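K.L.:
Got chain A sorted already, so can you dock chain X onto it with the hints?
Each protein sequence line maps, in turn, to chains A and X. FYI, the numbering for the first sequence is 35 to 115, going by my numbering. FYI, the numbering for the second sequence is 225 to 501, going by my numbering.
What the hints contain is simulated information worked out from the structure, not anything from laboratory work. Heads up, a few of these hints could be off.
Sample of chain A residues lacking proximity to chain X, with all beta carbon distances greater than 10 Å (derived) [stated by the list, open to error]:
hint: 1; residue: 52
hint: 2; residue: 59
hint: 3; residue: 63
hint: 4; residue: 65
hint: 5; residue: 67
hint: 6; residue: 73
hint: 7; residue: 98
hint: 8; residue: 107
Rough simulated footprint, nothing fancy, chain X against chain A, three-plus residues with beta-carbon under 8 Å [claimed, not checked]:
hint: 9; segment: 84-97
hint: 10; segment: 108-115
Remember, it's a predicted structure, so these values are computed and weren't measured experimentally. We treat Cβ as the ideally placed atom computed from N, Cα and C, and that holds for glycine.
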Amino acid sequence: MRQTQEKVLDFAERASMRVWINQEPHELPEGMTLADAVATAAVNAPFAVAVNQEFIPRSRYAETSLREGDRVEIVAPTVGG
Amino acid sequence: MSISKSLVSSFPSVDEEDALTLYGQRFSSRLMLGTARYPSPAVLEAAISCARPCMLTASLRRQGAFGRDTSQGFWTLLQKMGIPILPNTAGCHSLQEVISTAEMAREVFATDWIKLELIGDDYTLQPDTLQLPAAAAELIRRGFKVLPYTTDDLVLCQRLLDVGCEAVMPWAAPIGTGKGPLNPYNLRMLRERIQVPLIIDAGLGLPSHACQVMEWGFDGVLLNTAVALARDPVAMAGAFAKAVGAGRQAYRAGAMLPQDVAQPSTPVLGTPFWHQS
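Chain A with its partners taken away, still in its complex shape:
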């Protein structure tokens, strides 16, 4: 987590972008990766992610850069029929 916070600080000088995470707007440093964005969301259960409706496997979080207006969905297990 500390490493992530340092990365966020590194990005602080750069321009920011607005990214939607589970419908909530977030101002994030431009070029932030999905890995960093997920880390800031502090998810505490198994989860999976889609960006702009497309599933992103866990193995690709670090190489996936977010862009202005991206819509990130983080989903977790819930009851269902």
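P.N.:
Chain X alone, transformed into the frame defined by chain A:
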């Protein structure tokens, strides 16, 4: 009169002989249970223990939508039960939503099984019958074991088989209505024409409904609301489990043909006081 094999303990039980096989995997139970709408996680857990289902359905929703710890609690319960998970694509209205949801479910639940739900009408929750085969085909291409929730339309079910589905899950009635089989003719015709496993998914309300469709030769039932909204969900889970078992046993036993005319079951020969008039 011969003694039924199932009554003799030295013989294998009917359940062991008569496993449900889906995509090459054998299951000892023919009941699938949904996990939603129970009064509490404790009641859900007790109902699962009572019903002993072959699979539990589960879903994915936005993280945190039901409180921070709810997902973790549900996940812990699933792990504890140790029953195969059947994730669904509930709420999806497009091919893209179905594909992404299924892929996310595969990663979260670590399973290739998917209950394909592609909704075409929000009022009746009727599947999008025109897009369903294409969605099933794409999921199968991606390596999923697809159990499609479908209407009781014969041609649609045949198209689902054509694209590679090895089982089909027709509705008995709209989801959550508890009305029981609305169109027995369609369902029985499906059973007549389709050879792969057929699981009745949606619309059952009573154990007698489950028993009825099992007597018709359906291979299993998927229940949720009928158990979860019963006054005593745990007791109802047990009642459904027995009904499914009874219906299956009756189907295998082969029912008598109904007759139009009464026939005395007690022998007539030797009836006292009888004399030819």
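K.L.:
A separate judgement is required for each hint: does it hold in the structure or not?
P.N.:
Do the hints match the structure? See the list:
no.	hint	in the structure
1	52	holds, 18 Å
2	59	holds, 15 Å
3	63	holds, 22 Å
4	65	holds, 24 Å
5	67	holds, 18 Å
6	73	holds, 13 Å
7	98	holds, 14 Å
8	107	violated, 7 Å
9	84-97	holds (count 6)
10	108-115	holds (count 8)
In this structure, the one hint that does not hold is number 8.
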